[in-house]
Amino acid sequence: MHESSIATNIVDIASQHVRDAGGGRVAAVTLRVGRLSCVHEDALRYSFDLVREGTPLAGAILRIVTVPVSVWCPGCNAAFELPSIQRFACPVCSKPSADICAGRELDLESIELLAAADNCLEAADT
Amino acid sequence: MTQPRILEVRTKILKKNDETAREMRGRFEAAGVLVVNMVSSPGTGKTALLKETLRRLVARGIPVAAIVGDLETDNDARRLAESGAPVRQIMTHGLCHLEADMVQAHLDGWNLVGLHYLFIENVGNLVCPTSWDLGESVRLALLSVTEGEDKPLKYPGLFNTADIAAITKIDLAEACDFNRALARANIEAVRPGMRVIETSAKTSAGIDEWLDYLATRRTGHRACPDPP
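Going line by line, the protein sequences match chains A and B.
The opening position of the first sequence corresponds to residue 1 in our numbering, with each subsequent residue numbered one higher.
The opening position of the second sequence corresponds to residue 1 in our numbering, with each subsequent residue numbered one higher.
Hints in this document: simulated from the structure, not taken from any laboratory.
Treat the hints with care, since some could be wrong.
[Stated by the list, open to error] Simulated restraints on C-beta separations:
no.	chain 1	residue 1	chain 2	residue 2	range
1	B	215	A	23	47 to 57 Å
2	A	68	B	182	21 to 31 Å
3	B	22	A	20	16 to 26 Å
4	B	101	A	66	21 to 31 Å
5	B	177	A	53	45 to 55 Å
6	A	59	B	146	18 to 28 Å
7	A	68	B	113	23 to 33 Å
8	A	77	B	42	22 to 32 Å
9	A	21	B	18	46 to 56 Å
10	B	172	A	92	35 to 45 Å
11	A	95	B	215	24 to 34 Å
12	B	176	A	20	23 to 33 Å
Glycine is no exception: its CB is placed at the ideal position from the N, C-alpha and C atoms.
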């Protein structure tokens with residue numbers, strides 16, 4: 001369950017951005033997750049739900065964009081998406097390639113921030 | 001309610017770990033120590049291969065050290081310390097992988113200068129350690145003959161980030177009907193061009209080849225050569 005460490009990092013980074021922006025509440029975060037990053041989406045969602053409690057991300061939607069693996073083929077002089085991650089070879093000419101162009105991403109792409117005044121949870125507390 | 005503001009963050013989620021790892025890599029390179037991160041399933045024989053590696057290096061008078069990660073117990077550190085090398089145990093208490101700051105915390109008080117190799121034995125797991133850079137220069141993926149030839153196809157993420165693979169317990173290959181060519185072909189499929197060494201900590205098969213590989217990597221890695 002390394003997804004709980006990943007979720008903690010997401011919440012920490014996003015919370016810092018909220019503080020830098022002067023406060024507010026996060027409506028959604030968008031991640032880019034490569035097929036090679038070994039992240040299990042359900043496990044990450046489960047961990048995220050636990051970790052975000054009591055933070056500006058409580059109630060935030062987690063959007064996950066899965067990035068397929070592509071490799072550079074020097075023979076074809078082009079990058080190709082792999083039909084299977086069990087075989088790192090050019091899908092056109094079959095030449096093996098270890099030159100990965102995409103698929104290892106584990107990135108926090110964007111945060112949708114609502115201003116503090118829109119924070120219904122905080123408003124209900126006061 | 002107003003529209004949300006979109007903050008284009010574009011940050012690596014493991015940025016904090018990556019920064020710690022980068023800082024450590026700088027320290028390791030400056031000190032001339034080659035750091036090896038050993039990753040495999042539980043029971044592949046990381047500790048046995050490492051113990052034999054340490055024993056052989058200590059016998060040659062080469063300064064080495066090791067850090068070993070486990071969920072619980074310091075059994076592995078005690079096993080490895082029998083080699084005569086300094087060994088530290090990281091107990092993760094449930095965490096399924098090592099992170100850079102754990103390794104950093106366990107370097108305290110060790111003089112890295114003069115050390116030739118530092119081995120980090122990760123927690124036994126073929127998935128979770130993949131994304132965590134520990135500042136290593138060499139990532140060794142291990143696969144034992146008892147695990148089956150298709151392990152690399154089942155765990156391409158880990159094998160794909162490795163620099164070298166070891167097929168361990170090769171002395172048991174025949175008893176397990178292990179198909180070496182198929183295992184090598186599967187490793188090649190998920191990591192084209194990666195070197196594969198067949199080892200046995202029991203018979204010492206492949207250990208010289210492994211030590212030669214390490215020596216070559218260390219020569220290429222150091223900023224300046226050892227003083228005469």
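Cross-check of the supplied hints:
1. Checked against the hint of 47 to 57 Å, the C-beta distance between residue 215/B and residue 23/A comes to roughly 56 Å, which is consistent with it.
2. Distance hint check for residue 68/A and residue 182/B: the Cβ-Cβ separation is about 27 Å, which falls inside the suggested range of 21 to 31 Å.
3. A C-beta distance of roughly 23 Å is found between residue 22/B and residue 20/A, which places it inside the suggested range of 16 to 26 Å.
4. For residue 101/B and residue 66/A, the hinted distance range of 21 to 31 Å is satisfied, since their beta carbons lie about 28 Å from each other.
5. In this structure the hint that residue 177/B and residue 53/A lie 45 to 55 Å apart at CB holds, the actual value being about 51 Å.
6. Take residue 59/A and residue 146/B: their Cβ atoms lie about 48 Å apart, and the range 18 to 28 Å is violated.
7. A beta carbon spacing of about 44 Å between residue 68/A and residue 113/B contradicts the range 23 to 33 Å that was offered as a hint.
8. Taking the beta carbon of each, residue 77/A and residue 42/B are about 43 Å apart, not inside 22 to 32 Å as hinted.
9. In this structure the supplied range 46 to 56 Å is violated for residue 21/A paired with residue 18/B, their Cβ-Cβ distance being about 24 Å.
10. Taking 35 to 45 Å as the suggested C-beta distance range, the pair residue 172/B and residue 92/A conforms, at roughly 40 Å.
11. For the hinted restraint 24 to 34 Å between residue 95/A and residue 215/B, the CB-CB distance of approximately 32 Å keeps it satisfied.
12. Distance hint check: the CB atoms of residue 176/B and residue 20/A are about 56 Å apart, inconsistent with the given range 23 to 33 Å.
Violation of the numbered hints given earlier is confined to hints 6, 7, 8, 9, 12; the remaining hints are satisfied by the structure.
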